[in-house]
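Same order as they appear, the protein sequences are chains A and B. To get our numbering, take the position in the first sequence, counting from 1, and add 1. To get our numbering, take the position in the second sequence, counting from 1, and add 340.
Worth flagging that the hints you see were computed from the coordinates, not collected in a lab. C-beta atoms are modelled at their ideal positions from N, C-alpha and C, and glycine is treated no differently. Hints may contain errors.
[What the hints assert, rightly or not] Computed, partial: chain A to chain B, Cβ under 10 Å: (1) Gly70; (2) Arg80; (3) Arg95; (4) Ala107; (5) Asn117; (6) Glu123; (7) Thr125.
[Stated by the list, open to error] Label-pair ranges, simulated between beta-carbon atoms: (8) B/Pro457 - A/Ala27: 50 to 60 Å; (9) A/Thr246 - B/Leu482: 44 to 54 Å; (10) A/Thr195 - B/Leu482: 21 to 31 Å; (11) B/Pro457 - A/Gly137: 30 to 40 Å; (12) A/Gly127 - B/Tyr368: 46 to 56 Å; (13) B/Leu502 - A/Arg84: 52 to 62 Å; (14) B/Gly481 - A/Ala242: 52 to 62 Å; (15) B/Asp665 - A/Gly137: 46 to 56 Å; (16) A/Gly83 - B/Val686: 51 to 61 Å.
Given next are the chains, with one letter for each unit.
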Amino acid sequence: MSTALGTDGADGTAEGRTPPVLELRAVTVRFGSVPALSRVSLALRAGEVTCVLGENGSGKSSLVALVSGLLRPAEGELRVDGRPVRFRSPQQARSRGIATVWQDLAIAPLMSVWRNFWLGAEPTRGTWPLRRLDVGRAEEIVSQAMARVGVPGLDPGQPASALQAGERQCLAIARALHFGARVLVVDEPTAPMTIAQRALVLQSVVTARGSGLAVLFVTHNPQYAHLVGDRFLLLGGGRVAGDLTRADVDVDDLTRLVAGGDELTRLGEQLRTAHPDR
Amino acid sequence: MLPVSPERLAPFAPAAHAVPRSAGRRLYDRLLARPSIGALLGVLSVGLFFTLQAPDLLSTGGVASILDIAAPLGIGGVAVALLLVAGQFDLSIGVVAVTTSLVTALLVTETGLGTWPALLLSLVVALLVGAVNGLLVVTTGLPSFLVTLATFLVLQGSSLALAAAIAGSSRVSGLAGAPGWESAVAVFGSTLQLGDGRFRISLVWWLVATALTTWLLWRTRFGNAVFGTGGAPRAARELGVPVQRTTVLLFLGTAAAGWLIGTLGLVRLAGVQVDPALGSEIEFIVVAVIGGCLLTGGYGSTVGASLGALVYAIARAGISLAGWDPRWFQAFLGLMLLVALLANGVVRRRLRAVPRS
Chain A
2 MSTALGTDGA DGTAEGRTPP VLELRAVTVR FGSVPALSRV SLALRAGEVT
52 CVLGENGSGK SSLVALVSGL LRPAEGELRV DGRPVRFRSP QQARSRGIAT
102 VWQDLAIAPL MSVWRNFWLG AEPTRGTWPL RRLDVGRAEE IVSQAMARVG
152 VPGLDPGQPA SALQAGERQC LAIARALHFG ARVLVVDEPT APMTIAQRAL
202 VLQSVVTARG SGLAVLFVTH NPQYAHLVGD RFLLLGGGRV AGDLTRADVD
252 VDDLTRLVAG GDELTRLGEQ LRTAHPDR
Chain B
341 MLPVSPERLA PFAPAAHAVP RSAGRRLYDR LLARPSIGAL LGVLSVGLFF
391 TLQAPDLLST GGVASILDIA APLGIGGVAV ALLLVAGQFD LSIGVVAVTT
441 SLVTALLVTE TGLGTWPALL LSLVVALLVG AVNGLLVVTT GLPSFLVTLA
491 TFLVLQGSSL ALAAAIAGSS RVSGLAGAPG WESAVAVFGS TLQLGDGRFR
541 ISLVWWLVAT ALTTWLLWRT RFGNAVFGTG GAPRAARELG VPVQRTTVLL
591 FLGTAAAGWL IGTLGLVRLA GVQVDPALGS EIEFIVVAVI GGCLLTGGYG
641 STVGASLGAL VYAIARAGIS LAGWDPRWFQ AFLGLMLLVA LLANGVVRRR
691 LRAVPRS
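Input sequences plus hints: build the corresponding full structure.
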């Protein structure tokens with residue numbers, strides 16, 4: 002972790018342990034009067050993967066939107082390096098090194114690859130009345146970033162709609178890895194994925210952890226979660242239903258805990274009864 | 341932004357699915373990223389057609405009359421093109437032109453204000469209208485077509501009523517002697533005689549507007565925000581693009597363009613005629629669509645809109661020079677619009693198509 006923001010967290014905490022990179026303290030998010038998240042607490046530490054599991058409507062997307070600066074907490078607070086912050090836009094979260102792979106990938110099909118990559122945080126040169134996009138540098142960095150996620154030789158000037166589905170995903174991941182200096186948030190894409198594409202998502206999570214980022218991985222799938230996760234946060238109805246570590250659960254426990262796990266177990270038993278020889 | 345070094349992360353294993361594209365396919369993709377290509381073809385084909393019908397079109401007089409028609413249309417067209425790229429619509433630009441020039445004229449003739457202070461005040465009025473349009477669209481989420489239609493009706497009705505109530509007729513004139521008039525004419529009404537063609541300074545304003553908006557759209561962060569706002573509003577919000585601010589600024593832009601068009605006309609006629617002309621508001625949108633803008637947003641260019649204005653002007657001047665009944669013009673315009681819409685539809689399907697993995 003060698004970033005300019007590192008100075009912020011130098012004071013540490015009373016216990017002498019460095020504070021979490023990103024922390025939620027009893028955060029409540031409401032849409033109108035309906036709470037999407039109720040008193041959710043969560044700590045993301047450097048080099049740790051926290052998986053968030055839960056049904057549709059359990060608050061996973063709200064959690065992602067909150068951490069990424071798209072939603073504001075009604076109660077509770079967000080802390081970055083132990084200091085309270087209020088993000089007024091995703092731009093501010095990104096400038097603190099928190100970047101997100103959005104569920105819909107957040108790609109504008111009609112814009113070129115490099116414009117998509119930099120959207121909302123474009124590199125510029127020159128002073129104000131003449132401040133302009135630094136196209137050369139932008140394209141160069143995009144080419145490098147795309148090559149790093151396994152898409153070498155891509156023309157950054159082509160429209161994103163000309164990309165194949167896997168390449169689009171690479172673009173979303175490359176962008177998040179570029180901007181996410183401290184925290185990588187991965188909301189597993191809803192679009193159907195091939196095994197190779199899933200592997201790429203998991204690979205990005207592992208790579209980010211390996212380089213010391215705090216990772217928040219939101220997924221439906223307990224198997225994949227257990228593969229990469231250090232901690233597991235189970236959400237139900239906008240509340241924390243369970244906060245477990247890798248030592249607490251194995252894959253089967255986790256599958257059972259996640260909604261739908263019971264049905265899967267029952268199905269397994271039925272199959273065993275139907276085919277006793279297997 | 342954080343100083344992120346590109347080498348911070350270890351490279352992933354190269355994926356197997358990186359398929360190199362053929363050169364032809366790449367050229368096609370790159371051409372699709374240039375929305376003005378269609379309008380350029382339009383200018384060439386319509387120009388060729390009318391030059392064959394009326395060779396006078398290419399004389400200095402013909403060119404001057406084409407550019408004279410194209411300039412105000414182009415100024416409005418580029419502003420509307422930006423707004424269309426951001427996925428919004430403005431019907432009120434033509435009526436803003438009439439209303440603000442009426443405000444200028446009434447301020448000069450009725451209150452004795454100097455030309456420049458009056459122009460400045462009417463610019464403020466225009467920007468207020470733009471702000472109302474933009475804020476209403478942004479806060480209510482109503483379709484901008486309806487919001488600006490409402491603004492259009494309000495302004496149209498009140499400018500007619502105000503002109504009748506204050507000046508006693510729908511025509512206000514007699515501005516020529518006002519203080520500052522000479523310098524206003526120099527800025528907004530100069531002409532240059534070349535051969536048998538009279539070139540007006542509105543041409544310069546048009547070129548400046550096109551160059552400025554093109555630079556804004558393709559080479560600034562604001563332009564990128566415009567593309568994102570129209571092309572993928574949700575993605576733009578998720579990435580922290582100031583969608584609402586961008587939209588309001590663009591409505592201010594079309595209102596300012598309306599003011600400029602109105603002022604150019606006011607200075608040229610030394611007066612203003614308020615007449616209930618529906619249809620001129622549509623022209624700016626027609627011009628932008630001929631220029632390759634998609635009505636669904638996210639795609640278009642201001643150079644294209646300017647070329648669209650040129651197509652319009654060539655057809656208009658060409659029909660009169662060829663000695664045809666000028667009533668054919670609207671039919672011709674409708675035909676061009678249809679062709680442009682069909683071509684844009686092809687582009688949209690091509691661009692929106694999600695390639696299979």
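Inset, instruction - Check each numbered hint against the structure and report the violated ones by number, ascending. - result: 2, 10, 11, 12 and 14
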